[in-house]
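> Protein sequence lines, in the order shown, are assigned to chains A and B.
Residue numbering for the first sequence follows the working numbering, starting at 138 and increasing by one per position.
Residue numbering for the second sequence follows the working numbering, starting at -8 and increasing by one per position.
FYI, nobody ran anything at the bench for these hints, they're computed from the structure.
All residues carry an ideal CB built from backbone N, CA and C; glycine is no exception.
Please note: incorrect hints may appear among the correct ones.
Partner residues aside, some chain B positions facing chain A, computed with beta carbon under 10 angstroms [said to hold, decoys possible]:
| hint | residue |
| --- | --- |
| 1 | N109 |
| 2 | A139 |
| 3 | Q150 |
| 4 | G151 |
| 5 | V317 |
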Amino acid sequence: MTATATILPNRAKRNLTIAKAMAEALAQEMRRDPSVLVMGEDIAALGGVFGNTRGLLEEFGPARIRDTPISETGFIGAAVGMAAVGMRPVVELMFVDFFGVCMDAIYNMAAKNCYFSGGQSAVPMVLMTSVGGGYGDAGQHSQCLYGTFAHLPGMKVVVPSNAYDAKGLMVSAIRDNNPVIFMFHKALQGMGWLGTVQGSINDVPEDAYTVPFGQAAIARAGRDITIVGLGATVHLALDAAEELIANGIEAEVVDLRSLVPLDRATVNASVKRTGRLLVVDEDYQSYGVSGEIIASVVEAGTVLTSPPRRIAFPDIPIPFSPTLERPALPSAEKIVAAVTDMVRGGR
Amino acid sequence: MTPTRPQFLWMYETMVKSRAFEERIATAYFEGKSPVFNMANGPIPGEMHLSNGQEPCAVGVCAHLDAADFVTATHRPHHIAIAKGVDLDAMAAEIFGKKTGLSGGRGGHMHLFDARVNFACSGIIAQGMGPAVGAATAFKLRGEKRVAVAFIGEGAANQGAFHESLNLAAVWQAPVVFVIEDNGWGISVSKAQSTAVPHNDSRAAAYGMLGHRVTGNDPAAIFAVAGDAIARARAGGGPSLIEIETSRLAGHFIGDAEGYRPAGEKDALFARDPIPALRGRLLAEGMMSEAEDLAIVKRAESAVEQAIAKARAAPFPAAAEAFDHVFA
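With the hints as extra help, turn the sequences into a complete structure.
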């Protein structure tokens, strides 16, 4: 995917999971910059419930790898204060669903202090948080909430779909002088107990590198339709694109990678080429990412040969039972059906 | 710990300056708001929370701090900002929504930031406590002798952030002091109606830290207790909690009819106004002469007049400036 441009010649491939790529980025930035530290629940001895801080306690010790009490308001607020006096804290909100107990610290404080200080006081912090469902954890541990965070001004929001991007986006996030919400999807994380979408594991250079924010990636080129995804839905779109070949349809897959800033230009240029747009988002359908992408294309005046469509999570809390949850999630089958209808049906 | 004469005089002058500042702000606030009171009108729109009566809390604590120490304050921030050394001209301009304000008019009176002296405040109850713990933890990690102080009101002691921050500060033994300005009222709800314990200093014990209550709204008594707590924090002795009995001489905001106050309460509070009380003490104990008093008042009023005049004369920000500083 996006890794090809920076793969060094004569280097053996090094396939990593997103969890390992994140941990590597954190370790490298912590070695480079003594102001970087990591805080969160179970991020030290356990190495993070989702593995992304594994090995850090051993190397950096408990002063910089800090297990916190279950006090999201307290420790995310503390991160804002640390950032105000020159640290670069990386905090983990174990599940994005827990935002309900700490959103004030995030969007009323981290996101607004730079503005309210007229630029005097930056808030260089990263909030990394797990998103996504599909494994029967029900509606308080399965949401994506991309749109919720991207909607609120003052925070950058990134969503990696693969290990290469996860490392580069994490390095960029730590070096950024703004609050960055780093949303990693559990199905891509590489934790054995959750299953892992194999496409998320890819070649990751050992040396530190950055993936800039606001640059979507063309994950697969195609001429007939643009499928826009982010995080896990990129892989659903890629699977669907592979199947669609048999139907004689060449789908282009755009991986947004970053929601704030949003690379509208790449999406618009792709849709201009293909004339068709399908957005695939695991977040709730209404008032969210899918609507924003479609609006951006429509506002740009891009001529479409069929009405734009979206496949997103319906506007219901995420249910527990597999027979309730799975049909509600986006899937490659749904994408194949929608694309076939849009291209063949001319709608 | 007793204040020295210079410390006493600094506390007095700072209290006088804060009071004078708020008197000018209140006058300006009413411009354009009569005969019909509409909060959106006049040179200072929006809510305005005055701190008159609470000045002893600010000076008694900030007398022990310098610019490098980190302070978070509340939606009622003027006295603390002035005591912490926030630039008075830029603060006044901010309150008038001017381009020359601390944030160029983006924040207003509830969102005063002066990074030069490590001061911030916010409009959300108890919000500044977490950042104070974080800043203090950073100081400790880096081996610096700086401390953080979070000012809150007594109403904030019933917020989740209060309890989380106290626990976190104690677990991490952060050099932070939490200062509760207990004026007895959370807008219209009394402390007795909202709080399960008579006084919040007792809550410190639940988090394994020292708690103190200071009565009498007396700057010297506050100075003594705060001095010990801040010195302890600076020396690595960890966090503490101080609750100060103080007076909200005004309403929650300007325009508050205060129908909820018991009859006679305001008169009693004004009879114990801390500024005349301190003036009387300084004169009686020979720490200040009448002439020195006049000079102090004149100096404070002149600084305030100048700040307000500059703020009024300053240009407003252009509409396009609203788009600046969303990101660093």
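> Now, for every hint given, state plainly whether the structure supports it.
Consistency of the hints with the structure:
Checking N109 (chain B) against chain A by beta carbon gives a least distance of about 7 angstroms; that is within 10 angstroms, so the hint holds. Restraint check, A139 (chain B) versus chain A: the minimum CB separation of about 7 angstroms is within 10 angstroms; hint holds. At its closest, the beta carbon of Q150 (chain B) sits 9 angstroms from a beta carbon of chain A; the interface hint therefore holds under the 10 angstroms criterion. Because the smallest distance between the Cβ of G151 (chain B) and any Cβ of chain A comes to about 6 angstroms, under 10 angstroms, the interface hint for this residue holds.
The restraint placing V317 (chain B) at the interface with chain A holds, with a minimum CB-CB distance near 6 angstroms, inside the 10 angstroms limit.
Every hint from the earlier list agrees with this structure, and none is contradicted.
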